[in-house]
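Top line first, the protein sequences correspond to chains X and H.
FYI, in UniProt numbering the residues of the first sequence are 1 to 268.
FYI, in UniProt numbering the residues of the second sequence are 1 to 268.
Please note that the accuracy of each hint is not assured.
One copy or two, either will do: identical chains are not told apart, so a pair holds if it fits within one copy or between any two.
Claimed, not checked - With a Cα cut of at most 25 Å, we get these calculated SDA-like pairs of lysine to any residue: (1) K39 / F51; (2) K39 / N128; (3) K39 / P199; (4) K214 / G229.
It should be emphasised that the hints constitute simulated quantities derived from the structure, not laboratory data.
Protein chains: 2
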Amino acid sequence: MNEVIHIDDSADPRVAPYVSIRERDLTGRPDGRFIVEGKVTLSILAERSRFTIDSVFIGETRLEPLADILAGLPGDVPIYVAPQTIMDAVAGFPIHRGVLACARKGEPIGLENLLSGETLLVLNDISNHDNVGAAFRNAAAFGVDGIILDERSCDPLYRKAIRVSAGSALWLPFHHGETGADHIAALKDAGYDIWAMTPGASATPIGDMPVSGKVAVLLGAEGPGLPDGLIGAAHPVRIPMAPGFDSINVATAGAVALSRIFEARQTA
Amino acid sequence: MNEVIHIDDSADPRVAPYVSIRERDLTGRPDGRFIVEGKVTLSILAERSRFTIDSVFIGETRLEPLADILAGLPGDVPIYVAPQTIMDAVAGFPIHRGVLACARKGEPIGLENLLSGETLLVLNDISNHDNVGAAFRNAAAFGVDGIILDERSCDPLYRKAIRVSAGSALWLPFHHGETGADHIAALKDAGYDIWAMTPGASATPIGDMPVSGKVAVLLGAEGPGLPDGLIGAAHPVRIPMAPGFDSINVATAGAVALSRIFEARQTA
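Using the sequences and the accompanying hints, generate a full structural model.
Here you go:
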């Protein structure tokens, strides 16, 4: 087991990265650190993540139940342990699960490094952490090779997004930056068929779409959907729905599209 | 416009149905009343719901912006209006949206009344309001004729479930009661092909499933999934997924399955 350090003062500088988590994570941390919460995501961080772990911070009653996961950590990662009250005081709100970890984002993945993937998911203006997390979970389930998010989409490494992603935000390669127009230009250059998901009646029904070669599924904000400029620059694709009810959740629309592509590639 | 009644005392008996909403709604109301929250769901309650509306309770600043929706209410529904502080005091927590309504569940729909529908969704042990709401939204999007929930599933007419359902819980017919085994027996008697959704490797891949006649899609709790007894009594169907990642959200799995059935019926 790694070094276990007992923390009995909420002002201990060793747990400074865990102070006021909520506020700091919403505004973003200039030092490139991010926080992971919960047992399942900690186990993925230990086993499968592409990020460097700084430390783990857990409630004292969790040391025993988490022993297996903690044994899988790199040897130099300190395990800070504190009573629940100290942990809550540090974080600034109750950490019911009693499991936190801090990791470093490191060098971001360049857009060009994702453009060899067979299937990509491209998120445009998705500013809700639940939706970004759910989109990652669905992308992982259907074998997507990478995710591209425009600069207005929110951070997949926000605590809640990681949790909703079922931890996939920790290993599924993604690039976050630029605009949807930039992404479409780069994807076209790289030979992708870009499916712009839209409820528009003139779009091609998804069942009629051939799947061959590289495909990128482009999703826009719930409510407004993708801007016309992006739809027009890509291949508009719609999921047939009942009359008078033309919208499902954006991550769900992604799942419906990606499941078709996954199956088409399996049977090809 | 209906009668507008100004409330200036949080103890006014006319707004008694709105007192301590959160606690009362989680335990269930013996009088069969339920609360609807938010503008979109109020408009569906007014236009398309199958329930009788008791009253509407809105913040005083909302009277003007909601005028169009309020004009669509049956003439005998009183509109209670109060300052935000009174509204929050009545409800017991901040009603940011400033829009509430109270309606009555009335006589529940009998299971037998749903068994003529072409496509049904059957929920087993879904105890999370977000998942029940999302399952309704997806069912509405893909033209499901009715939803059956076992007795352990949660109430689709809980405030949050209604909101997540995009209001479809207010008009999509559902039956809530009995066990999954009871449902399977009744569905078989009525001639349904029952698709038990499961990640099990021996289940039929969804792309190989013919859609003809009456189909019921059966979904189990996230995590454990459907119990073996129910899977064995139905037709096990799986959504192909990437190796090592065998689970998507239960409502999302419903969307993937229902979208296939909807399209197959369209092209048939």
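Item to check | Alpha-carbon proximity context of K39 and F51, limit 25 Å | outcome: within (17 Å within a copy, 43 Å between copies)
Checklist entry - Should K39 paired with N128 be assigned to within, between, both, or neither, using CA atoms and 25 Å as the limit? => result Answer is both: 23 Å inside a copy and 20 Å across each meet the 25 Å cutoff.
Next on the checklist: At most 25 Å between alpha carbons: which applies to K39 and P199, within, between, both or neither?
Outcome noted: Between copies only: 23 Å across, 38 Å inside.
Item to check | K214 and G229: within-copy, between-copy, both or neither at 25 Å Cα | outcome: For K214 and G229, only the intra-copy Cα distance (22 Å) is at most 25 Å; the inter-copy one is 42 Å.
Of the numbered hints stated above, none is contradicted by the structure.
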